[in-house]
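Construct the entire structure; sequences and hints are all you get.
The chain contents come next:
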Amino acid sequence: MDALLTKNDKQAESDKQFRGQISGSEILLRCLIAEGTEIIFGYPGGAIMPVYDALYGYSDKLKHILVRHEQGAIHAAQGFTRATGRPGVVLATSGPGATNLVTGLADALIDSTPLVCITGQVFAHLLGTDAFQETDVVNTTIPVTKWNVQVTEAKDIAAAVAKAFFIATTGRPGPVLIDITKNAQNELITELPYKKCEHIRTYSPKPQLQLTNIKTAAQLINTAERPYILAGQGVLLSGATQELLKFAEKTDIPVACTLLGLGAFPTDHPNYVGFLGMHGNYGPNVNTNECDVLIAIGMRFDDRVTGNVTRYAKQAKIIHIDIDKAEINKIIHTTVAIHADAREALEALEIRCDKSDHEDWIASFRTFNRIEYERVTHKEFNPTGKITMAEVINQLSIQTNGEAVVVSDVGQHQMITSRYYRFKNPRTQITSGGAGTMGFALPAAMGAKLGRPEKQVVAVIGDGGYQMTVQELGTIMQYKIPVKIVVLNNSFLGMVRQWQQLFHKKRYSFTEMANPDFLKIADAYSIQARRVENRDALQSAIQEMLGVSEPYFLEVVVGKEDNVFPMVPAGGCVSDVLLELPTTHD
Amino acid sequence: MKQEFTLQVEADNSFSVLNRIVNVLSRRRVTIKKLIASEDQADYTRGAAVLLVYTSYDLIEKVKHQLEKLIEVESASYYEGSNHYYLASEKSNKQSVAV
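Top line first, the protein sequences correspond to chains A and B.
The first sequence begins at -7 in the numbering used here and counts up by one.
The second sequence begins at 30 in the numbering used here and counts up by one.
Keep in mind the hints are simulated off the structure, nothing from the lab.
Ideal placement from N, C-alpha and C gives every residue a C-beta, glycine not left out.
Errors might be hidden in some of the hints.
To be verified - Pairs of lysine-lysine, DSBU-like flavour, derived with a Cα cap of 30 Å:
id : chain 1 : residue 1 : chain 2 : residue 2
1  : B       : Lys98     : A       : Lys198
2  : A       : Lys317    : B       : Lys31
3  : A       : Lys155    : B       : Lys91
What the hints assert, rightly or not - Residues from chain A shown here face chain B by an in silico Cβ test under 7 Å; the list is partial:
id : residue
4  : Val130
5  : Ile134
6  : Ile159
7  : Tyr195
8  : Pro197
9  : Lys317
In structure tokens, the structure reads:
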């Protein structure tokens, strides 16, 4: 480092050390290191330059990944966090740099992903003057952050960072943002020892487990004939996968997973009955309206799970376990509300629940799922025409033994991935759930791979979503991040087209895409690439992709107008789930 | 059925806290008819907002929990009708006169 400094720089450095003072920027970096940060995803600009200047001297402790767009930075941080459980850190400049984070913040908030985003801001004396690249970032991001703050003096940086990490990672996790004015970044002050935040007067992230509610829930479960567990991402976030397994095995209750809950329960377990939701499995959807006790754990009854709420599980007593009190009774009225961490609640329930046997009830799911296999899955896996998305995902699942980290984008391919990839382990399914952000997967896969370098990380993306953040191929090239990219190309915005077909009389309004030569794009970034159009080449292409230790791009041309079934039609309830195209719409 | 409620929110007296509170209400399309915001005279780090709103029972209960989810908010409570609001308004006016 010293060799790169000019004499004047050296003089300035020694002057600072002599005075025992450091800049706000350096304090920020030291705080990040104290919080365990090792990797930062970011993009420099005018208002964050002092931090980037300080970062130059910390490159041995903080690895910075220069993305190609701030949206790429925040999705990469999300991927990193979802794969590792550690909070992702993002750096961006003021104005457009900060506003480019908004989509990722909204995505991370709804999907409970802990992130700490730091944005530069204009000098404090210019705030509110419409200065160059000045945007009111705090007010812009209030609705899309768990918490945010503006810091205008260096002395407040350490406390803000400590608070940010505490808030992001505790309770229901979420993204936080610290907006730091340039003068605070430059200001020299005497550094004080870093103190982690462990308490905020107005914030109680850990609810006290109410044993009376646990006992009432246990009584309901012990007397239930058809109890049913819906496992959401809260199980993964609280690290409760073992507790869920123990509880489900003792009580012999069937378990279905939400989109973000996939991986919370092994798909090869006898109690696992499938994936929930609009394009979920037949049995889990139909039996929601047949169960007598519904145990929802760390899930928020998203409308893609419930369908029409006025006809959702009306016959059942509902037990809802959630760490976020605002989620309880928000959508579905609960019989027993357990405002608690999923792990604690499951431990307490398991002790109080009797060993039970629900063989016939579980068998009813299998009966429905067999019908689904015959009418949907079998056709998807053994088609006569073009390659189907399902074939690709099935082959990927077989060749990776369900153990890869699979990052899907948003649309038909996402639902197919969630249906046919047989996830076995926690934190291996990464996707944009609540927000449904197209363009999420490519950068998120980069982040996941950087966080879990030992794992095979595969991004599965549609041709539409791929082109939304395709610029991140530059990041993949620069840092040689060996992600595997599978683009399932149907030259359509497939899910929108499917809805147009089903509900808008096939009026395909602006959903067909003329695509570029994706192989040439990959080639421009020196990424090995292959296109598959014939079924015969699919298996070997996936094998080749998984075998290389470098980034790899695989384009699979799939049926142009294939649909995803089953499907709960818009406005329908879970038991209205369709297994094929209604004849009236043919 | 919609009716008047008085919503009392105790919070940190920090920048943007009022925006955060109003955001929760506007997202839920809860009409704010009147509003008093004040700094705690004994402790400037604390503040309170009292709002007269027009909404349904179901929604006021949900909004209460969403307000309590805000990091800066210590508590949120609601009362039927406007009496509580006007009592708070009277108290606030007296304090202003005293200052």
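30 Å limit on alpha-carbon distance, applied to hinted pair Lys155/A and Lys91/B: Holds, at roughly 27 Å.
Closest C-beta approach of Lys317/A to chain B relative to 7 Å, hint status: At 5 Å from the nearest chain B Cβ, Lys317/A passes the 7 Å test, so the hint holds.
Proposed proximity, Lys31/B with Lys317/A (alpha carbon, max 30 Å): With Cα atoms ~24 Å apart, Lys317/A and Lys31/B stay inside 30 Å; holds.
Minimum beta-carbon distance criterion (7 Å), Ile159/A to chain B: At about 6 Å, which falls below the 7 Å cut-off, the nearest Cβ of chain B leaves the hint on Ile159/A intact, so it holds.
Closest C-beta approach of Pro197/A to chain B relative to 7 Å, hint status: Pro197/A check fails; min Cβ-Cβ to chain B is 10 Å, beyond 7 Å.
Tyr195/A as an interface hint toward chain B, with CB separation required under 7 Å: holds, 5 Å
Agreement of Lys98/B and Lys198/A with the hint, judged by alpha carbon distance not exceeding 30 Å: holds, 12 Å
Closest C-beta approach of Val130/A to chain B relative to 7 Å, hint status: The hint holds - Val130/A has a Cβ within 7 Å of chain B, the shortest such distance being about 6 Å.
Chain B contact restraint on Ile134/A - CB to CB distance below 7 Å: holds, 6 Å
Hint compliance for this structure: hint 8 alone is broken.
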